[in-house]
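All chains should be built: construct the whole structure from the sequences, respecting the hints.
Those protein sequence lines, which keep their order, are chains A and B.
So the first sequence is numbered by this note's numbering: it starts at 1 and just counts up by one.
So the second sequence is numbered by this note's numbering: it starts at 1 and just counts up by one.
These are computed hints drawn from the structure, not numbers from a lab.
These numbers come from a predicted model, not from an experiment.
Honestly, I wouldn't trust all of these hints.
[Unchecked claim] Residues on chain A that point at chain B, a partial pick, calculated with CB under 10 Å:
#, residue
1, D46
2, D111
3, G113
[To be verified] What the simulated footprint calls covered on chain A by chain B, stretch by stretch (three residues with Cβ under 8 Å from a Cβ of chain B suffice, anywhere in the stretch; the number is not a length):
#, segment
4, 47-58
5, 96-110
Just so it is clear, CB atoms sit at the ideal spot from N, CA and C, and this is done for glycine as well.
Now for the letters of each chain:
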Amino acid sequence: MSDANRPGLELVDRHRRWGWACLGLFALAGLLLETAHGFKLAALVDHETRRTMWRLAHAHGALLGLIHLAVASQLASSADPGVGVSRALRLATLCLPGGFVLGGAWFYAGDPGVGIALVPIGAVALIYACLRLAWPSGPAS
Amino acid sequence: MVAVTSGRSRGFLAALCLAALALAWAGTWTRAQRVALVRASTQARDAELPKRRGEDFVGSGRCQACHPQAYASWHASWHRTMTQVAEPGPVIGRFDGRRLAHADGEHAVEQRGEEFWVWMPDANWLLARAELGSDVASPGEVPMRWQQAIMTTGAHTMQMYWVSADPGRRLVAFPFSWVVEAQTWVANEATLLRPDQADVVYGWNEVCSKCHAVAVAPELSATRVETEVAELGIACEACHGPGLAHVERQANPLRRYRAHLLDQGAAEIVHPGRLAGKRSAEICGQCHSASVFADSAAWLGRGSDYRSGAVLQDSTRVVRHPLRADQAWIDDLLDEDPDYLSGRFWGDGMIRVSGREYNGMIEAPCFADPKFDCTSCHEMHGDTPEDQLRPLARFDGDRQCTQCHESWAEDSTLIEHTRHPADSSGSRCVNCHMPHTVYGLTKAIRSHQISSPSVDETLDHGRPNACNACHLDRSLSWTASELERGWGLSSERRSTGSATERAAAVDALVRGDAGQRALAAWAFGWAPAQAASGSDWMAPLLVRALADDYAAVRWIALRSLRSLPGYADLDWSYAGALAGERPNAAALAELEARWPVDRAASSNPAIYRGTEGFDAAAWERDAGQRDVRAVDLQE
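Put into structure tokens, the structure is as follows:
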């Protein structure tokens with residue numbers, strides 16, 4: 001791998017920061033959810049839709065944190081997959097858990113709130129990033 | 001030597017493995033046998049239960065996914081448990097092998113695994129006897145046998161059990177019910193206000209099914225019974241209508257979110273809160289009314305045409321008393337059932353049996369207000385199943401009334417109107433305008449025909465007026481004077497006005513008919529009435545009511561007696577709700593002896609208080625004038 005294709009340290013650091021920040025943030029979210037369950041807070045336990053949405057936000061956020069760390073590790077020793085991948089991954093990190101959080105904050109009976117519309121956007125961005133990381137120069141490579 | 005030992009070890013190990021394998025096979029085989037037995041039992045039971053009616057109905061399970069909160073509140077309601085499959089969980093009665101005395105011979109209950117069995121007369125034989133009206137000479141001739149209870153009715157105050165009969169899916173009641181408050185078995189007849197009739201048979205398909213399941217099609221013919229229901233119990237589609245079109249259309253998320261964002265109700269399902277006029281009240285009225293079908297033959301086939309949101313009278317005839325409305329078909333109804341009105345209405349047309357609240361409501365002045373309907377006070381998806389009252393009707397004084405009648409919301413105007421302290425039960429709107437004049441489920445229930453108290457309703461029709469339903473120790477003359485003095489309501493008729501006039505509630509308990517006695521006996525146990533009237537004089541009257549000819553009156557009297565000091569430990573068997581249980585004179589005398597006679601109290605003929613305690617001679621004299629005409633209330 002030529003130095004020209006090596007990603008900048010700034011990009012690696014960025015994903016490392018996003019990764020640890022995500023893990024910390026969504027571990028904290030998990031702690032809050034556990035506390036709410038423990039004290040049987042009606043705002044959470046009485047609403048199945050909210051419980052599901054926020055549980056998904058916690059899981060997706062933590063998982064995306066791990067993905068950022070994995071990407072940082074990969075970028076340190078492999079070719080730059082392109083600036084779009086990093087942007088897509090960060091977009092997914094905002095949209096996936098964010099959509100679930102908003103979907104659970106305001107909801108309609110069994111349907112999550114309109115914030116859930118962010119989730120498919122984040123999902124597409126994440127899939128794009130995964131494919132580009134797997135095949136930096138396209139599937140033929 | 002080593003080789004021999006190794007061989008023995010190997011042999012031992014092999015034997016151990018084989019034994020373990022055999023044990024595992026035996027366990028699996030036993031388990032498989034048990035599963036097969038349970039499956040066969042379930043299949044046999046399902047073949048006798050009402051079958052599932054498909055068509056446009058989907059069942060509550062489909063509603064849960066999208067409406068979890070509404071589903072949860074419904075699931076906690078007594079509507080849901082009205083009809084259930086008899087299996088562990090839904091069954092609350094104790095099937096513990098006990099034997100139950102009955103005129104047809106001893107009955108029994110027992111549990112076999114997950115099945116519930118009852119020893120009772122053959123269900124087909126019971127139906128034949130009811131049809132032919134033949135008397136059975138002796139209990140020995142009754143064909144008793146074990147039959148499986150496959151379905152239940154109720155879970156709140158009592159639970160009934162149903163066994164199957166031929167042909168097809170016909171269901172007949174086990175003659176005993178489990179009563180929740182007493183945690184005991186009671187003869188079905190004893191839970192109803194009617195003269196003793198040992199040979200009554202209750203059929204589910206033609207009577208109870210109408211309101212205890214969703215969209216019933218009785219499918220009753222002389223040769224076959226193939227009853228279908230959309231769902232057992234009173235479930236979502238009883239009030240919201242068939243859900244299939246709604247479920248299919250709302251599967252599209254874009255359509256759902258459009259409806260959410262524009263706050264539009266889905267067009268394919270009925271939302272009672274969005275219905276115009278009185279349509280929402282009619283949804284409740286489809287069951288909570290005294291009503292008949294124009295075409296009873298059609299009803300016995302595919303059931304009622306009524307679906308939520310439709311005009312009720314297009315399919316259902318809500319019976320109003322002839323004094324209240326002209327209904328051309330009422331004569332035909334009375335030709336068929338001459339006792340229809342007397343079994344359901346007071347003489348002035350006010351409904352007197354429970355579960356018919358719609359009849360009361362449509363006669364109330366409030367019903368003229370287009371905003372007024374059942375949901376003014378009730379909610380179906382609230383946080384408590386008890387009476388399903390809105391919070392404003394539970395916790396907020398008189399808000400259910402003052403939300404419209406705003407002028408009575410202030411204490412000053414309230415006191416001026418009620419002539420009672422603002423925080424007393426006498427200042428609660430419902431205690432004067434919705435008194436307990438309705439009978440059902442061995443208790444008195446509030447009238448839903450909002451009215452004002454008068455002595456005439458008592459004198460003319462025997463109905464307890466609100467004043468005397470609380471002031472149990474006061475006479476009608478006193479009430480007439482108070483109503484005139486406090487509210488300017490004069491009555492030309494003032495009862496006797498004599499010094500020896502009995503208190504109205506006491507008189508109803510002693511000389512009234514069975515319906516009046518039941519309501520009076522209940523009022524004696526009502527805490528606000530005890531607070532207003534004192535309760536230290538009630539015991540002798542209630543003890544004597546335990547000898548009443550009507551089991552329901554005895555039951556209510558016992559409940560009220562148990563609320564008095566010194567009587568809380570009384571066994572429910574004192575009500576004599578099972579054959580052979582009725583207490584004898586000595587037992588009643590022992591109960592009365594518990595009453596602490598207050599010798600210092602002045603005599604008061606209104607409540608049979610003489611100088612030496614209870615005036616038993618006067619009571620005997622009055623009880624001899626009791627109205628013993630048969631009362632059979634069709635709750």
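Against the structure, the hints:
no. : hint   : verdict
1   : D46    : holds, 8 Å
2   : D111   : holds, 6 Å
3   : G113   : holds, 8 Å
4   : 47-58  : holds (count 3)
5   : 96-110 : holds (count 3)
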